[in-house]
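Since the structure of chain A is already known, use the hints to place chain B with the ligands on it.
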Amino acid sequence: MNDLRILVVDDEEAVRESMAAWLEKTGYTVSLAKNGPDALAFLSREPFDLVLLDIKMPGMDGHELLREIRQHHPDTIIVMITAYGSIDSAVTAMKEGASDYLRKPFNPKDLIQLVEKLAKEKEMADEYRLARDRLAAYENKEFGDLIGCSEVMQSLFQQIEEVARADVPVLITGETGTGKELVARAIHSHSSRASGPFVAINCGAVPEQLLESELFGHERGAFTDAVKARVGRLEMADQGTLFLDEVGEISAQMQVSLLRALDEKSFFRVGGSRQVKSDFRLICATHQDVQALLKSGQMRSDFFYRISVMPMHIPPLRKRGDDIILLARRFLERFSHEINKPIEDFTPPAYRLLNRHNWSGNVRELINVIERAVMVGQGSKIDAEDLSFLGSEPATPSPGAPLREVEAKHIRQTLEDCGWNISRAAEVLEIDRGTLARHMKKHGIVKPR
Amino acid sequence: MWQVPVEHRSGCEEKPLTKRRHVEVVALGQVEELAISVAAANIQAILGLMARVVPPWSDPDYAVLPGRGQYNAIPVLKELSRQAENNTLRLGITSADLCLPFLSFVYGEAQVNGKAAVISLHRLKRGPDGKTAPSGLFLQRLAKVAIHETAHVIGMTHCRQQGCIMCFSLELEFLDALSMSFCPDCDLDRRRRVRI
Ligand SMILES: [Zn+2]
Ligand SMILES: [Zn+2]
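For the protein sequence lines, the chains are A and B, in the order given.
Quick note: the first sequence, position 280, residue 280 per this note's numbering, numbers continuous.
This note's numbering runs 449 ahead of the 1-based position in the second sequence.
The shape of chain A in the complex, shown without the other chains:
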């Protein structure tokens, strides 16, 4: 049972001791004070949930004490105890902030109801506090838009803070969809440049011949299409952070230009002769194997060493353990809210499916999967069936495995992914139910019980 701390303030010993005896049977903690100063001393030592306060006391009377307690312990609930015929006094006390009053001798029912009500309220308040704390703990699992409870992510969050403090170039590596730009943004927003701009460009998405002017800008007439002068990304990023995604796509020539711009904090626009100053922090990212890029000469080693003063690696989702579920729930919450569809959770088979999936597309793939599942989901929970398209990702058979083995494994996998719904599995495998049943029999595949 929930513990309620009660302070009884009464100058009459008989009342004090009988109240203590009676309240003790409720299992709550009871303290006794014989006057105002005594009560205030108690209250300054420990918090109380309820003060049962006698109005008429010699010295500091109930009203005075009530005001003192209201002022210094506003969370404490005060119930006045009055003798017969002092209703006016009780009404005054209520105006002064007492929650209620009881007239001596009161019915046990009134006291127990009062105490029970308080206990229930406290329980609810405690529950709320607990939920809030849990939420706060959950929020700690987030870093900007990054979410993760796994150890690898927690240490990544720590690293972001450290990296943010140092104003040097960062190279972020990680598979596609792991959230490299989110990490770059987090570094920016935790850095001294947070009030400056965050300028991002995906070097792989811009045609090679346009990338140079995109980065450095150009002067009017620099080339045939350049009817107007244009400010490049480097210039835009002045006093802020420049994020170059897919930096492995940049040509060797451009690597040299960038290197110079970094060293001199100034550069020329394409077709320009005027030096443009820009002070930015460079964060680069790539999903490619940097060592391979260096070996093949696609990335200059001087450029690499210059941009990777602080290297960071984002782990793939499949290596992030519980994060898959944490993220899945978070995205479920978001999408179901967005389209106003009350889907609360995943079914256990759906959880299994999510946990076992390879997630080669990482968080981005997970987001797409959950969004799609929320769209197609019919019940209050996302079921394995709603995630059946996950099963279509080809299982990677070990090289050289016998066909028979691969077939059995694939069938079993598909069945599991479809929650052992034979019709659905047959559909996914593009065979009819009868054929699937025959294959199951041949391989001795049965639904686990």
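Hints were generated in silico from the structure; no laboratory data involved.
Don't take each hint at face value.
Unchecked claim - DSS-like cross-link-like pairs, simulated, lysine-lysine; straight-line CA separation at most 27 Å:
#1 B:K574 x B:K527
#2 A:K104 x B:K574
#3 A:K34 x A:K109
#4 A:K109 x A:K122
#5 A:K104 x A:K117
#6 B:K580 x A:K109
#7 A:K95 x A:K117
#8 B:K574 x A:K109
#9 A:K265 x A:K277
#10 B:K580 x A:K34
#11 A:K95 x A:K34
#12 A:K381 x A:K442
#13 A:K381 x A:K341
#14 B:K527 x A:K109
#15 B:K564 x A:K109
#16 A:K409 x A:K319
#17 A:K56 x B:K574
#18 A:K34 x B:K527
As the structure is a computational prediction, the values presented were derived from the model and not from experiment.
Coordinates of chain B with the ligands only, in the frame set by chain A:
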């Protein structure tokens, strides 16, 4: 008579045989004998503490509250616990109407983790229509209150589990609705405490 168990504790000096903890059920003034034995039997059978009836004490009129005509349960408890031997708990039963200085009435009162409890038969006799309750019903109420208050003495506190005998009874109807048993949680607590 109850068995006197032989207890030897290694490492301790040889002690005289210790009597097992038990409850003395005592009438305070004029109380029907049947009520006393029913209380004792139920404490032993349901609470699981040895109980025996001892000769009656005089009416606790020292506890009368002036102006109210009721008996304050606190001085009665003090008197009952006075000079109670080790391992002896006392349950007093009175026909007088019990109350506390701040409460209009109580069916019974007890010292939590103490020595004594006292119960009043005064209100238990009331029937639904204001007449006297049938004897069976009255004895059942008495047994419940006796078990409940004695359970407080061994340290048990109120329970919110519906029907559990450790629920606080506001009214007789509520008392009548209680079962003569402990809920699983309370029963675990009871066993733990009775074994001590
Ligand atoms: Zn009780
Ligand atoms: Zn109970």
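Status of each hint after checking the structure:
Of the supplied pair hints, the one linking K574 of chain B and K527 of chain B holds, its CA atoms being roughly 26 Å apart against a limit of 27 Å. With a C-alpha separation of about 26 Å, the suggested pairing of K104 of chain A with K574 of chain B holds against the 27 Å cut-off. Simply put, K34 of chain A and K109 of chain A have alpha-carbon atoms about 25 Å apart, close enough for the 27 Å limit, and the pair holds. With a C-alpha separation of about 20 Å, the suggested pairing of K109 of chain A with K122 of chain A holds against the 27 Å cut-off.
With a C-alpha separation of about 20 Å, the suggested pairing of K104 of chain A with K117 of chain A holds against the 27 Å cut-off. For the hint pairing K580 of chain B with K109 of chain A, the CA-to-CA distance comes to about 23 Å; that is within 27 Å, so the pair holds. Only pairs whose Cα atoms come within 27 Å are accepted, and K95 of chain A paired with K117 of chain A is accepted, the gap being roughly 21 Å. Restraint check: the Cα-Cα separation between K574 of chain B and K109 of chain A comes to about 20 Å, which is no more than 27 Å; the hinted pair holds.
Using a Cα cut-off of 27 Å, the hinted pair K265 of chain A and K277 of chain A holds, with the two alpha carbons roughly 6 Å apart. Straight-line distance between C-alpha atoms of K580 of chain B and K34 of chain A comes to about 43 Å, which puts the hinted pair past the 27 Å bound. Of the pairs offered as hints, the one joining K95 of chain A and K34 of chain A holds, with about 24 Å between alpha carbons and a cut-off of 27 Å not exceeded. Under the criterion of a C-alpha separation no larger than 27 Å, the hint pairing K381 of chain A with K442 of chain A is inconsistent with the structure, at around 34 Å.
For a cut-off of 27 Å, the pair hint linking K381 of chain A to K341 of chain A stands: about 11 Å separates their Cα positions. Taking the CA atoms of K527 of chain B and K109 of chain A, the gap is about 25 Å. The hint holds against a cut of 27 Å. A threshold of 27 Å between alpha carbons decides the hint, and for K564 of chain B with K109 of chain A the separation of about 26 Å falls inside it, so the pair holds. Among the hinted pairs, K409 of chain A with K319 of chain A is consistent with the structure: their alpha-carbon atoms are about 23 Å apart, no more than 27 Å.
This hinted pair does not check out: K56 of chain A and K574 of chain B have alpha carbons roughly 37 Å apart, beyond 27 Å. At roughly 21 Å between alpha-carbon atoms, K34 of chain A and K527 of chain B fall within 27 Å of each other, so this suggested pair holds.
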